[in-house]
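So the sequences go chain by chain: A and B.
The numbering of the first sequence is full-length UniProt numbering, which starts it at 1 and goes up by one.
The numbering of the second sequence is full-length UniProt numbering, which starts it at 1 and goes up by one.
Worth flagging that the hints you see were computed from the coordinates, not collected in a lab.
Don't take each hint at face value.
[What the hints assert, rightly or not] If you only want the chain A side, here are some residues facing chain B, beta carbon under 8 Å, derived: (1) 18; (2) 23; (3) 29; (4) 63; (5) 88; (6) 112; (7) 116.
[To be verified] Cross-link-like lysine to aspartate or glutamate pairs, in silico, EDC-like; alpha carbons within 16 Å at most: (8) 79/A x 16/A; (9) 321/B x 204/B; (10) 141/B x 165/B; (11) 25/A x 355/B; (12) 252/B x 146/B; (13) 79/A x 53/A; (14) 346/B x 18/A; (15) 346/B x 21/A; (16) 492/B x 541/B; (17) 25/A x 352/B; (18) 214/B x 238/B; (19) 113/A x 352/B; (20) 506/B x 491/B; (21) 346/B x 16/A; (22) 549/B x 491/B; (23) 549/B x 402/B; (24) 162/B x 132/B; (25) 208/B x 146/B; (26) 162/B x 110/B; (27) 214/B x 204/B; (28) 208/B x 149/B; (29) 25/A x 356/B; (30) 87/B x 104/B; (31) 49/A x 72/A; (32) 113/A x 373/B; (33) 33/A x 50/A; (34) 113/A x 376/B; (35) 549/B x 477/B; (36) 360/B x 370/B; (37) 113/A x 380/B; (38) 141/B x 110/B; (39) 346/B x 373/B; (40) 346/B x 28/A.
Ideal Cβ positions, reconstructed from N, Cα and C, are used throughout, including at glycine.
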Amino acid sequence: MASVHAGPSVLVVDDEQDFVETLVKRMERRGFKVAGVGSGQEALLLLGKEHYDVVILDVMMPGIDGIETLREIKLAWPKIQVILLSGHGGEEMGLRGMAYGAYSYLLKPVALKTIVETTYTAFEEAGVR
Amino acid sequence: MSVFGLKDLGTKIAITALGFSLIPLIVLGATMYSMFASAYHTKVRSNLMTLAENKRQGIDLFLREQVSQLRTLAYAHSIEDLSSQEKLEQILSTMQLSSRTFIDLGLINEEGVHVSYSGPYNLSEVNYKNEEWFNQVMVRKIYVSDVFEGFRGFPHMIIAVKKQERGKVWILRATIDSDIFDSLVRWLQLGDLGDAYLVNRNGELQTKPRFGNKSQEIYAAFLGSPFSGAKVAEFESERKKVFVGGIWLEQKNWLLVIEEDMRGELQPLFETQTATWAVVGGGIIFIIVGTLMITRMIVAQQERSEREQAQLNEELIQSSKMAALGKLAAGVAHEVNNPLAVIREKAGWMRDLLEEEDVKASPNFQEFGDAVDKIEHHVERAGQVVHRMLGFARRMEPVCNDLYINDVLKQTSAFLDNEIRFRNIQLVWNLAQDLPTIQSDAAQIQQVLLNLLNNAIDAIGRNGNITVSTGYDDESDMVRISIRDDGPGMDKEVQRRIFDPFFTTKRVGEGTGLGLSISYSIINKLGGIIRFDSEVGHGTEFTILLPVKHHDRKE
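Given the sequences, and given the hints that come with them, work out the whole structure.
What follows is the structure in structure tokens.
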């Protein structure tokens, strides 16, 4: 499968293997440079080695959860934009995430279109800033 | 307890209360009356006995006096004097100066021949030898006769005394004025219908009663052998009811009969009877009315408290349903949303792959496409349900602002303008202009209003009216919003379940059945009340009451 990595580089973090796998494939197809990992620890390890513009982060995960991971990322790489993704709804969680510097908060199941658009705007805004 | 049970309870209370109050009342009335009646009867009887006794003494005294007067005459004067017609007339006229009791006076010798006679009748030649009384006086010395007709053919009575002088027996005889005697007996009138008279041992009248034609039955009980003291009996006939007192004279074998009109004597008793029954009757009516009032009050009170209890139970059930659903939703949301997200991505991936040339060539290309569409559509639907359910899970404190409810209503209805126009529905506003502003959460109220307006529109379908009205209730300090539609209304079964989560009357896929349960929990959280009134064929009206000042209702 030939793909051109012209857009922002994206890291998908979710303990749901199937979700990560499919989202990675679909975003690659849309021209993103995408990687996927299954936990917060793996994400932080990978970010230490490689740079990603945007992180799509599931909130509810075993081990260190999304909010904790978000704080770590923002501490180490403040420029990385984080989009929170959750199946467990509630503005409360979203507001907490936003307070820790997440760019946006999306509720599962969410259309790919929305993810893609949010990723672009997040990336663009980061650039502007 | 059902309404039927309450009616039963009312009847039981009424019967018990009536039984416990009426029976003693009636028993009391009857006992008092009968005791009074018997005491009164006793008193009347003893009065009558005293009266009879007194009267008997009077009559006995009279007879004794007459006899002793005659005897005095016989012994005070010599036979010589008495034998003289002239002397006898002188004696009689002297006597008659003071008392006219003696009508005549005559001296009879032992042959029964009148020796001398003074009086209005011509009896000088009469021989009494064979008369009953003559024989009696010869034996007894003193004789008082019964009333008899004698030689004159006129009822009269005589008294006679025997005197022995010069070895011969003489009899002094006097006739007693029966009118004087009659009036003596009748003396002391006894009420309007009372009577008094004497009868002999054979029951024959000896004095003229006040009212003639005495039946022997009246005093039959006292005839026979004489008794001492007075006796009282009661006599009833078709014409009269009387107390009859009887007493035997001492001077003569005569029975004094006294009649007293029972009605007259017992008048006070009848009055007492009437008064007793009036009081008892009044008491009965009073008690019945009181009992019915109390019963009605108790039943109404019971009904009210049962209704309140039922309502409270319903509210409890409703809020526990909400709480349970909230917890369930929070737990389920995560577990369901993640698989939904995977399904969505997988379907998306399939759609991506459908772009590939080789797949496009497949004869089922269209089918694959449609299938993916459907999967995405239904994932969307499932996601929405879960998100709505999460509405319960949210424990967001309401954001309180000053709101003017009329404005909130106008803003909310604006969202539905197109829909309303399209369905040809008239929105009728009936808003109170003097509403106070309230402290509440605009967004949440808006959500509720949107739900109710949507339901009203759906209920009507096409062509109808929705009336939105507002008002202020002084007493509870609450603002009222009511939304009324003229749709088909709801039957009882539907009414019972409308606040239940997932209960819907809409077609599958058109409603989640969460709108009203969410509305309910929102209004509850805002410290308000939501209720409805619906009748099949007449539409439905939802009413929301919101407190002017927000008091958070802790669950």
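- Message: What's the verdict on residue 208/B and residue 149/B, does the C-alpha distance respect the 16 Å limit or exceed it?
- Response: 14 Å, holds
- Query: Between residue 346/B and residue 28/A, is the straight-line Cα distance small enough, at 16 Å or below?
  - Reply: 14 Å, holds
- Query: Going straight from one Cα to the other, do residue 141/B and residue 110/B come out at no more than 16 Å?
  - Reply: 13 Å, holds
- Task: May I ask you to test the interface hint for residue 116/A with respect to chain B, counting a Cβ-Cβ separation under 8 Å as satisfied?
- Result: 11 Å, violated
- Message: Take the shortest C-beta to C-beta distance between residue 88/A and chain B; is it under 8 Å?
- Response: 4 Å, holds
- Task: Compare the distance between the alpha carbons of residue 492/B and residue 541/B with 16 Å, and conclude whether the hinted pair is satisfied.
- Result: 14 Å, holds
- Message: Run the distance test for residue 87/B versus residue 104/B: straight-line Cα separation, threshold 16 Å.
- Response: Given pair residue 87/B, residue 104/B holds - Cα atoms ~13 Å apart, limit 16 Å.
- Query: Does residue 491/B lie within 16 Å of residue 549/B when you go C-alpha to C-alpha?
  - Reply: The given pair, whose Cα atoms are some 35 Å apart, is violated under the 16 Å limit.
- Once the shortest beta carbon distance from residue 18/A to chain B is found, is it less than 8 Å? 5 Å, holds
- Query: Are the Cα positions of residue 346/B and residue 21/A separated by 16 Å at most?
  - Reply: Roughly 10 Å between the alpha carbons, so the hint for residue 346/B and residue 21/A holds.
- Message: For a C-alpha distance cap of 16 Å, please report whether residue 214/B and residue 204/B respect it.
- Response: Holds - the C-alpha atoms of residue 204/B and residue 214/B are around 10 Å apart, at most 16 Å.
- Item | Restraint check for residue 113/A with residue 380/B, where alpha carbons must lie at most 16 Å apart | The given pair, whose Cα atoms are some 14 Å apart, holds under the 16 Å limit.
In this structure, the hints that do not hold are numbers 4, 7, 8, 9 and 22, in rising order.
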